[in-house]
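Trainee: The chain contents come next:
Protein chains: 2
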Amino acid sequence: MRVPVTDEAIDKIKAMIVSGELRPGARLPKEADLAERLGLSRSSLREAVKALSLIRVLDVRQGDGTYVTSLEPDLLLDALGFVVDFHQDNTVLDFLEVRRILEPAATAMAASLMSDEDIARLRTVLDSLGDEPTLEELITNDLEFHQLIAAGSGNAVLCSLVEGLSGPTTRARIWRGVTEEGAVSRTREQHEAILSAIESRRPDLAQAWATVHVAGVEQWLRKTLGSPVSAL
Amino acid sequence: MRVPVTDEAIDKIKAMIVSGELRPGARLPKEADLAERLGLSRSSLREAVKALSLIRVLDVRQGDGTYVTSLEPDLLLDALGFVVDFHQDNTVLDFLEVRRILEPAATAMAASLMSDEDIARLRTVLDSLGDEPTLEELITNDLEFHQLIAAGSGNAVLCSLVEGLSGPTTRARIWRGVTEEGAVSRTREQHEAILSAIESRRPDLAQAWATVHVAGVEQWLRKTLGSPVSAL
DNA sequence: ATGCTGTAAAGATCAGACGTTTGAGGTCAG
DNA sequence: CTGACCTCAAACGTCTGATCTTTACAGCAT
Chain A
93 MRVPVTDEAI
103 DKIKAMIVSG
113 ELRPGARLPK
123 EADLAERLGL
133 SRSSLREAVK
143 ALSLIRVLDV
153 RQGDGTYVTS
163 LEPDLLLDAL
173 GFVVDFHQDN
183 TVLDFLEVRR
193 ILEPAATAMA
203 ASLMSDEDIA
213 RLRTVLDSLG
223 DEPTLEELIT
233 NDLEFHQLIA
243 AGSGNAVLCS
253 LVEGLSGPTT
263 RARIWRGVTE
273 EGAVSRTREQ
283 HEAILSAIES
293 RRPDLAQAWA
303 TVHVAGVEQW
313 LRKTLGSPVS
323 AL
Chain B
93 MRVPVTDEAI
103 DKIKAMIVSG
113 ELRPGARLPK
123 EADLAERLGL
133 SRSSLREAVK
143 ALSLIRVLDV
153 RQGDGTYVTS
163 LEPDLLLDAL
173 GFVVDFHQDN
183 TVLDFLEVRR
193 ILEPAATAMA
203 ASLMSDEDIA
213 RLRTVLDSLG
223 DEPTLEELIT
233 NDLEFHQLIA
243 AGSGNAVLCS
253 LVEGLSGPTT
263 RARIWRGVTE
273 EGAVSRTREQ
283 HEAILSAIES
293 RRPDLAQAWA
303 TVHVAGVEQW
313 LRKTLGSPVS
323 AL
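Protein chains in written order, with my numbering: chain A, 93 to 324; chain B, 93 to 324.
What the hints contain is simulated information worked out from the structure, not anything from laboratory work.
Be a bit skeptical, because a hint or two may be false.
All copies of an identical chain are treated as equivalent in the list; a pair is satisfied when it fits inside any one copy or across any two copies.
Distance condition first, Cα-Cα at most 30 Å in a straight line; then the derived DSSO-like pairs of lysine-lysine [as the list claims (entries may be wrong)]:
no., residue 1, residue 2
1, 315, 106
2, 104, 122
3, 315, 122
4, 315, 104
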């Protein structure tokens, strides 16, 4: 079985990074040189670079050069969001189920580890929502709220995973449903309960409320998908 | 800010898939045609296709054509393993911490949901390990054991995530340490305990043993990384 | 010192040619 | 009629080389 030279190039560049020859932030030789060194044409090399660039391993800057990214988990994992966007309907439930596992765990960790300043900021975010928020505001606020908590877990991988698992697309769809059902106030109360538990430094309570929160969304979505009405 | 035409192409192809214009398994127009339709050259289009191919969204077959993959979660998420390979040292702990959250949850689900046949197969796998297994055999067996359990959760996303989180690279490194420390028998006993709990259909017990199992590895790794001895 | 400007370097894009693989259809022997 | 083999067109794979755009940086003017 012949292996395309482009795939080989991907592996070689990956190897250079994993082996430490190319450190995070390091600059790659210019395309022409690297192509010669790896024994392929510039066109083929560019395909490899583009692929590694999509998953945020390489950072290509026109007029400057190509660099290895910081390789921080959040960078590499946010490519996950891209992938999640492709899933629809039934598989969304699987994603949500995983979120129901991860998010409560992250919330519990956050209740123990977040600094008082970060908790105060969380309060600010929650209180900043007006009485008659638009759909757009709801989504943004919800996203920021959950992201701050995820970040508060102190685990970058966990944080990125939680964020990536509920991509913008998914979140938008869910919120549309929530508002149509007039469940905005209930969601808001749950956010308040989660924050209160964090403010009181009670991980178990925070975890429980987070579970209730995600499970609520999950239940609603399960019902919605079950009925043939909402194909979209 | 000008966006590269290649990135545009990626977005457009993605949009075609998400919108349903291109169904899973569908065949794309041939490169020349698609390039013309998207208004760019074949070279640039190929870069886009290569990137989408790396994350398993497209499947390119020489001499045949380019197809949209099944888009099953396991396909898209196994690209995660590729990403995980780039992480080393400290970040590995973050990954392991997430695994300590996900794997017990998956194990509990498996204890409830796995069919008797699947449980029997799990028993076969565990018993197939000889008395003096090689390092290679240990890794393979361990991987198969945990993968069967993850699959038993019935959640494809959860399964892929658990698998991807402990890539071959990471697993190999950990096992090397475990064997050097003579902790093989202890690991084996824990596998046995997990399986027993599943066979008895006791999710809570299975979850607890899984937690103990992963936490043990985590603890060992934390200690190892702490001491400056093992830079590799 | 500050701001502007020119220039070289590096990536972005394109066009076209040629190689390689594969699926499909046709042919012929059994 | 069926199956193995062959042929070939279609589609991806790769390379070359030219041209455009953007960027960093140094040198100049204020």
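Trainee: Next step is simple, just say for each hint if it's right about the structure.
Mentor: Tested hints:
Within a single copy, residue 315 and residue 106 get their C-alpha atoms only as close as 44 Å, which misses the 30 Å cut-off; across copies the closest is 28 Å, which meets it. Proximity of residue 104 to residue 122 under the C-alpha cut-off of 30 Å is found in both arrangements, the shortest distances being 16 Å within a copy and 29 Å between copies. For the homomeric pair residue 315 and residue 122, neither the shortest alpha-carbon distance inside one copy (54 Å) nor that between copies (41 Å) is at most 30 Å. In this assembly of identical chains, the alpha carbons of residue 315 and residue 104 never lie at most 30 Å apart, being 48 Å within a copy and 32 Å across copies at closest.
Figure legend: structure checked against the earlier numbered hints; hints not met, in rising order: 3 and 4.
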